[in-house]
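Enquirer: Here is how the chains run, residue by residue.
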Amino acid sequence: MSALTEPAVAPGAPTRVPTSRRVAKGPRESPLSQIGAMTVMLVFTLYFLIPIWWLFIAGTKSSSQFTNTNPLWFADFNLFENIGDLVVYRDGVFLKWMLNSAVYAGAGALLATLFAAMCGYALAKYRFPGREFLFNIVLGGVLVPATALALPLFLLFSQVSLTNTFWAVFLPSLVSPFGVYLTRIFAAASVPDELIEAARLDGAGEVRTFFTVSVKLMFPALVTVFLFQFVAIWNNFFLPLIMLRDETLFPVTLGLYAWNSQVNQIPELRGYVLIGALLSIIPLIILFLLLQRFWRSGLGAGSVK
Amino acid sequence: MRITKRAATVALLTAATVALSGCSTAASTSDTAADCAPADGKVNLTFTSWIPGIEDVVDVWNEANPDIQVAVQTGPNGNGGTYANFFNQLEAGNAPDLGQIEYDALPNFRVQDGLVNLASCAGVLDAQADFVDWTWGQVNFNEEDAVYAIPQDSGPMAMFYRADLFEANNIAIPTTWAEFATAAEQVRATGNYITNFSQSDINQFAGLVWQAGGTWFGNDGTDWSVNLTDDTSIKVADYWQDLIDRDLVSTQPPWTTEWDNAYNTGAAWTWNSAAWGANSIASGAPDTAGKWAVAPSPQWAAGDAASGNWGGSSTAVFTGSEHPYEAAQFALWLNSSSESLTMLNESANLYPAAKAGLDLPVLKEGVAFYGDQPIYDVFAAASSEVSADFVWGPTMTQTYNDVSDGFKAAVSGNGTLAEALTTGQTATIEALKAQSIPVKE
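First to last, the sequence lines map onto chains R and U. In this text, residue positions in the first sequence follow our numbering: the first is 1, and each later residue adds one. In this text, residue positions in the second sequence follow our numbering: the first is 1001, and each later residue adds one.
Just so you know, nobody snuck in bad clues.
From the structure, some residues in chain R lie toward chain U, with a derived Cβ separation under 10 angstroms:
#1 Gln-65
#2 Trp-259
#3 Asn-264
If you're looking for bench data, these hints aren't it; they were derived computationally from the structure. We put the CB at the ideal spot given by N, CA and C, even for glycine.
Construct the complete structure from the given sequences, taking the supplied hints into account.
Expert: Written out as C-alpha cells, the structure is:
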C-alpha cells in the first residue's frame, strides 16, 4: 500500500531529502502567524484531551479520594483494584457487555463493509436501468439519522417478534449508506474497466473478479468504511436502548448508561461507570492506531475528482 | 452529563409521543381486570425493573413458586428511557406483564390506559392495610375500587445534619423553618452554608411543598386540576428565594463532585432528604463518617409533625398482560414479604412502602456512618406523617423540565422560584390540553 502513497520520484532526481524539502516549500509564513496557529491547535488539543485525562485520573482513584482530591492529578493509584472490582461486580456483567459490543461492532462492521463494497462496486461498474435512481436513494439514506429510524425499526421488529434479541441490534447495523457512497466513488476511481475486461477475458466470473481483483484495489476505502461502521456501532446507544431488555444482550454503552442512571440512589456505581467508560474506549483507540495509515488514504478518496 | 441525559429524555419522549399518536387503540384491553382469575397450569411472567440485584429477589420467588415463573428484564431508570420504552411496547403490544414505575409517573400511564386495575384480583384490596396509608393513595389516586399498582418503596424525608459542627459552634438544631433560617445565618457567619438548594431536583422541592400541605394536582374523576401556584407552594418558594437572595444557602448542581465535596469538607451542614439519601451522603462524603445525625424535618409551625416524600416507586401490571392474577400475587409478595424487602434494601437501599417493612431488623440497627444512630426510626416516624392527599400529574417530565429551567435561572439571579412555578403551571396546562387530557383552569 505504501507504494501508492509515496510521491513518485523521477529517475536521476536528487535524492537528498533535506535540500529538496527546502526547495519545495511555498511562501514563508511569518513566525507570528505560526505561533498563532500553534496556539489555537494547542488549545483545541487540550480541549479534546482533558476529558480523557480526567477520565483516566478518575479511574485511578478510590471512591473516597474521588471527591476530595485534585480532579486532574493522581492520588493513590488504585487503577488495577478498580478494574478488578468492576470485572467481578455482578458476576462480571461488564465483561459480557464488552464482548457483546465487540461482536455487534466487529461482525456487524465486517458484514456491513462487505455489503457496502458489493453494492458500491455494482453501482460503479455495471450499467443498468435505474442505477442513478438507486444511488440517489442510498445518498438520501446518508441524510437520515439512525436515531430517527430506531422507533420504526422497533415497531417492525415487534411485528416479527425479534425485539429483545441479538438480531434486533445486529441486523440494522449491517446497513451503511455512507459505505455504499464511498465504495462507489472509490471503485469508479481505482478499479479500471480494462482490468475487469482482462479478468473476464481470462475466464474469471463476475464474483471471482470482484473478490480477487477489485476488492484488493478498493482496500483503503474498505478499511475506512469498516472503521466508520465499527465506531458507529460501538457508540450506538439509542437502538439498543429501545430494543433490548435483557441485560446479557446489552452493548457496553447501554450497560454503562443504565448504571449511570442509578447513581443517585446507588452511589458506588459511579466508580464502576467511570472505570468502565475508560476501558470501553480502549478498543477504539487500538483500532484507530492499527488502521490509521489505511483509512487516511481512504478518507481522501473521492475528495478530488 | 445533565445535558446529555436531558437530550436523551427529550428524544425518547418525542419517540414515545410519535408512537402513541400513531394509534390510540391501546385502551381496548383495559378491562381485563374484570376477569382477574387464576390461570390453569404454569404461567410465565416478564417483569421490567432497573433495580440492580433484583434478579436475586426474583430467584427466591421462582424457587418457591414453580407454577408462576418470573423473568427479569432491565434497562436504565424510568426517566432514563424505560418509561418511553414501556409506552413503545404498549403501542407495539409486547409490553412486559409487570413493570417498575415511580409514583410521579403512574398518572401518565394511567391516562394512556397502560395500567390494569388490580382491584378485582384476589387479595389486592385487602392488602391496603399492609401498606403505609399515603403510599396506597399514590397507587389508587384516591379512587374507589381502584388499585393501579402495588407500592414498592418510599422516600419519607428528614434532615441529615452535621451533629459535630452544630455542637461545636453552639447552634441549636432547627425544629421549625423559622429556626432553620436563623440557623442559616449563624452557619453563614462561620463561612459555611447550612444547606444546598437543589436547582434541578424539582422532586425534592415537591417534597417540601408536600410537607407544607400543598398539592400540585387533583383529579375529580373526569378533569385534572393544576395547582403549582397555590398559596402553600408560593410560601415554600418564597422561603427558599429569601435564603438564596441573602446568600444563606449554596446552589451547586446536585449529584456532582462539587456537591459531594461541599458535604465532604463541611461547607454544607444539612440536607433535607429522603431515607434513601443516607447512602448518598455516606458515599459522597466519606471523610465525615460518624459526624452526621438525622432529625425530623423542620416544621412550618412549632409542634407540628408533617413530613414530605421524595421518590419511591411501585410495581404495576400492564394492559395486555394475560395473567393479571398471577402478576398481582407476585407484586404483592415482592413488596410486602420481609424476605424480599430485606434483599431489596440490601441491594438497592430501597426503603419499603409496606408497614411490616419499616420494622425490618436491618432497618432497626444503628448506622455507623451516623454515629450509630438508628436513623431509620426517624424515617419510619416521618413515613407515618406524610399526607396522603398529594397527587402527581400526568405530564410530570414536562413539568419538571419547565420548573427546573426556571429554578436554574432563579439561582443565577434571573427571576424567582415563584415565577418558575407560574411558568410551570402555564406550560403544564398547555401540555395537558395538547394531549387532550381534560383540565380545569
